[in-house]
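Please construct the entire structure, taking both the sequences and the accompanying hints into account.
Protein chains in written order, with the working numbering: chain Z, 1 to 425; chain X, 1 to 425; chain S, 1 to 425.
Errors might be hidden in some of the hints.
Identical copies carry no separate label here, and so any pair may be met within one copy or between two of them.
Computed list of lysine to any residue pairs in SDA-like fashion (alpha-carbon distance at most 20 Å, straight line) [as the list claims (entries may be wrong)]:
1) Lys392 x Asn259
2) Lys235 x Leu161
3) Lys122 x Gly361
4) Lys233 x Glu168
5) Lys142 x Phe326
6) Lys321 x Asp10
7) Lys122 x Tyr366
8) Lys122 x Leu360
9) Lys233 x Gly152
10) Lys144 x Trp123
11) Lys352 x Pro294
12) Lys205 x Leu425
13) Lys60 x Glu121
14) Lys352 x Ser224
15) Lys196 x Gly163
16) Lys362 x Thr216
17) Lys235 x Asp394
18) Lys7 x Lys321
If you're looking for bench data, these hints aren't it; they were derived computationally from the structure.
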Amino acid sequence: MKNELEKYFDRLWPICRSITGNGLRESLNILSEVIPLEIIEYPTGTKAFDWEVPREWNIKEAYIETPGGERIADFNVNNLHVLNYSIPVDKTVSFDELKEHVRTLPDQPDAIPYVTSYYSEKWGFCLSQNQFDSLPKEGNYKVKIDSTLEPGSLSVGHCILNGETDEEILISTYVCHPSMANNELSGPLAAAFLYKKLASLSKRKYTYRFVFAPETAGVIAYLSQYGNHMSAKIKAGFVATCCGDAGPFTYKRSKDPTNLADRAAEHLLRSAGLPHSVINFAVGGSDERQYCSPGFNMPVGSLMRTMYQHYPEYHTSLDNKDFISFEALEETVETYYDICRILELNGLYFNKIQHCEPQLGKRGLYPDSLNPDDARTELHNLLHLLSFADGKMDLIEIADRRGTCALNFAKAIAECTEAGILERL
Amino acid sequence: MKNELEKYFDRLWPICRSITGNGLRESLNILSEVIPLEIIEYPTGTKAFDWEVPREWNIKEAYIETPGGERIADFNVNNLHVLNYSIPVDKTVSFDELKEHVRTLPDQPDAIPYVTSYYSEKWGFCLSQNQFDSLPKEGNYKVKIDSTLEPGSLSVGHCILNGETDEEILISTYVCHPSMANNELSGPLAAAFLYKKLASLSKRKYTYRFVFAPETAGVIAYLSQYGNHMSAKIKAGFVATCCGDAGPFTYKRSKDPTNLADRAAEHLLRSAGLPHSVINFAVGGSDERQYCSPGFNMPVGSLMRTMYQHYPEYHTSLDNKDFISFEALEETVETYYDICRILELNGLYFNKIQHCEPQLGKRGLYPDSLNPDDARTELHNLLHLLSFADGKMDLIEIADRRGTCALNFAKAIAECTEAGILERL
Amino acid sequence: MKNELEKYFDRLWPICRSITGNGLRESLNILSEVIPLEIIEYPTGTKAFDWEVPREWNIKEAYIETPGGERIADFNVNNLHVLNYSIPVDKTVSFDELKEHVRTLPDQPDAIPYVTSYYSEKWGFCLSQNQFDSLPKEGNYKVKIDSTLEPGSLSVGHCILNGETDEEILISTYVCHPSMANNELSGPLAAAFLYKKLASLSKRKYTYRFVFAPETAGVIAYLSQYGNHMSAKIKAGFVATCCGDAGPFTYKRSKDPTNLADRAAEHLLRSAGLPHSVINFAVGGSDERQYCSPGFNMPVGSLMRTMYQHYPEYHTSLDNKDFISFEALEETVETYYDICRILELNGLYFNKIQHCEPQLGKRGLYPDSLNPDDARTELHNLLHLLSFADGKMDLIEIADRRGTCALNFAKAIAECTEAGILERL
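What follows is the structure, encoded as structure tokens:
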């Protein structure tokens, strides 16, 4: 899988995405080769709760021309150089005026920062501190941003992968950042390739809803259309972001950590022995802010590796292909997949022989007595399952009571179901 | 404030208080200069639950005259020398008989112990071990205690500081100990000066009830009059004692630590980073024993510095002005005041935009995007408040979820209320 | 008590027990000298939930004769040599065939393992690895097991010790292992001698049900007769096993550790300061598997010293008299007895003076004020009891709130009941 991940990464990398515009649209089209996304266009001005859909932003080129005639901060060299969602500009300014429109990172002098201004009309450039320091303080600068902000639409891609029931699992990821690797390209890539694995299952209990939207504005528009339905149907959901660095996992809980999303994700991370940390819901985050807003309060967490704002490359030109690992990204996809497998297997099981243990020997479920140590772990998994299968405690809790992963009960579930002594409610 | 605290301390110090009598009355009168106490007199013999108000004790002088004619254990030098509530005596006794009526502290040979005998008629003296050891074993001793135990009354001071609602916060302190500083003069002083700060507020949600009573007997008499009303109205309460030493805070919980008193006090101590310990309710204590008795079970804890019985000077002549610090006493007053401010601010808040986040930019509540680090803490406080303001979770829990003090949300509450997107329920 | 324990141990030791047969019957008869057991015989073929009572096994002798004519693996020397419940055999076999029927412990070359085959018809021998290694590989071996497997019955002993109510405490132990000391003779011995102590009490609140049954099969048969009654009546129960080694206590919880059995046992172990560990319910265990099966889910835990499978001597010939200590076994009996005493004393108590404290002085319950340190622990126990005796919180929780053992309140309960201020609900 990691070669395919890299191939799609390389194609998506150069595109300048924003919360609206053709870069977003083009990215969704490329991802559609992996996951069959339906693209929804929300026209500029569409009301969505307290918000309305903003104008569509498109950009052809942007650069600064120094007094010496050198073209710097060229959008075509690195699309972070332009303030994302910048209004157009084409004029000559002094260094002092230019300075008011330039953002640098003094503490990371080699990095170009990523800055946006969606809701305050501005023009601006982002430079490395080193480059900025080298500019002459005298003379005229030409500044050119050939962008448009016009009525158009905001694009959201979604895909519904049907299961046996209309209860849903949500995988949401955002697609609005220009050329940065961990935050954000790793997120859409992980979600798309998770789709591939889930789609290949012969059957699924849950229906899976994949949402690829610009952060905040896109998800709010989407929720204005689907929020009520999702509130009723979603049993667990995750925001996929920062999926590609080599650090340990970070799971950010929803507001109520007793829900199924948090229970399944934490159960997997804990029982699989994956290095990880768990943090509570906080507003410094991504689209879980909308999914978990009080009117929805959906069971939506976020599985990441190193969290946004917790690595210095975050939101800079240093968050690039070198920063991520496709092995790590593949492991993240597999981990999301295992969580989905737990959700699929989880449920209420009922041992039909409720009083005393079933006699396993007569059903061929008891190992040979001359070798009592054989298969003791599997035997005890089976006995544990039967002992706790009262139709009230779900499999995740049953597995937690044994200190093992719910997936390790798959064989016992199959054998006991086959033997006619266990049923799923 | 600390100079005023010291001034009143110096005036109250020499008075010989007991659970009844003129020393108690005089002390309440002095405190009335700071807090307008109404004095209630409960006549001797008044029934109060399982108790009745005891006789009034007054004392003019007390001393021992040694065989050599020296006057020692002179009440006018230190009022701890006399067994508090002692019956009168005026006779000549041998050393052996005297010994039966003297209490010392062998482990603290310089300290005069504080001892009482309210419910068993006795006469007695308290001496330092060193002084006692120096007494001749032969010869006649004259013992004189010029006290009276007669029908009279037990005095309680209380003050009701009205707020917008009739829900009450209780501040209770005891006034029955002779010349000792931390236990007890620091308590009435803290309560009186807390009153001054609360009274100066332009508005208060809660009505504050201040009770200055002799320990046990006084509070039981008071509860026999006001207990039913208090049971219905008191939402949080605290027994102020041991407020003046320089040690870290000790918070003693009520019986049910989920109540508002314990939650507010512990939230403040924890979120303000004040060194402190928290202990559970126990019967080795003060008037919380009555407030938390099963028939009342009021939400009443006790904020102290070093707890009674946990410092060697406790209940001895060494618990004097040198032992306490007026800076520490002032900090205790301020800490009580902050707890009251939390109680005032706490409540249920409702974000009028329940679905997805409010658009802060259009309301001027979002910081300039070119400087995203500015005011991020305040922005996140505001977003956090809005995200959790579902009208069900109170502010203390909302603040705990962010790991910060509820008082830090005051600005966001004001701004969001002003912007029309938040209301208090 | 320990001499008597040893005397009965010595008589029970040589008997070859199994899940049916005369060895079991003889053992129950010997134990009946200590506890008046009623013996119930469940005929072969009796249906019991998913099981049926197996045939009765009896054995006269068993041995292997080597090619050199030496008699080894002699059942009369050590009854572990024969596979327990082995079918009869009497033939000549090669070493290679013999090998298929021999079980050894390569990691414990001096130990004879204990192996059973109840539900799969087999013959077999158990040898130490060292002995097995010394056997010649050539020549003919005579194998002789003179056993019978015939219709008969499975024997269970039980005893009901009546109390004032029909609510029951269960003590269950198993009697089906041949000559091993900790697992299992220590269990029946502990249960029998616990009976003696409980029977000597002048009154008991609870009725005590003692069950001495072969493990699994016996308890399932017993539950098919008494399970419904027990489900309704049992308030706490314990499986007594591994009671005799010198290790610290192990308490294995039932499935729901908020029940009375677990609360009482853990309260005693914790408050008495006994070295111990607590583990959750798990299916690798004994008859609690049946009592806690989902259809019953009785409050039944297990107090042990070193748990089965956690000492290398377990289920081998090394679990012998040298391995256990009769002092330790006596301490286990006393610990079970203390848990029963806690259960007897536990309940809801009501302080008749619910508002404010009772006046102790007038009832002679307050110590002399001139010696305030005297009896402070007892005074505070009494005050604590009265303060929490609201008729809703049981004594175990009241004691936990004070961090002391419930048994330490016996004196205060007696005094306050005598003084007319406390009643048991």
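Against the structure, the hints come out as follows:
| no. | hint | result |
| --- | --- | --- |
| 1 | Lys392 x Asn259 | both (16 Å within a copy, 18 Å between copies) |
| 2 | Lys235 x Leu161 | within (15 Å within a copy, 51 Å between copies) |
| 3 | Lys122 x Gly361 | between (77 Å within a copy, 14 Å between copies) |
| 4 | Lys233 x Glu168 | within (5 Å within a copy, 45 Å between copies) |
| 5 | Lys142 x Phe326 | neither (41 Å within a copy, 67 Å between copies) |
| 6 | Lys321 x Asp10 | within (9 Å within a copy, 74 Å between copies) |
| 7 | Lys122 x Tyr366 | between (73 Å within a copy, 15 Å between copies) |
| 8 | Lys122 x Leu360 | between (74 Å within a copy, 17 Å between copies) |
| 9 | Lys233 x Gly152 | neither (31 Å within a copy, 60 Å between copies) |
| 10 | Lys144 x Trp123 | within (10 Å within a copy, 94 Å between copies) |
| 11 | Lys352 x Pro294 | between (41 Å within a copy, 10 Å between copies) |
| 12 | Lys205 x Leu425 | within (13 Å within a copy, 42 Å between copies) |
| 13 | Lys60 x Glu121 | within (18 Å within a copy, 84 Å between copies) |
| 14 | Lys352 x Ser224 | between (46 Å within a copy, 16 Å between copies) |
| 15 | Lys196 x Gly163 | within (14 Å within a copy, 64 Å between copies) |
| 16 | Lys362 x Thr216 | between (60 Å within a copy, 15 Å between copies) |
| 17 | Lys235 x Asp394 | within (14 Å within a copy, 26 Å between copies) |
| 18 | Lys7 x Lys321 | within (12 Å within a copy, 71 Å between copies) |
Violated hints for the displayed structure, listed by number in ascending order: 5, 9.
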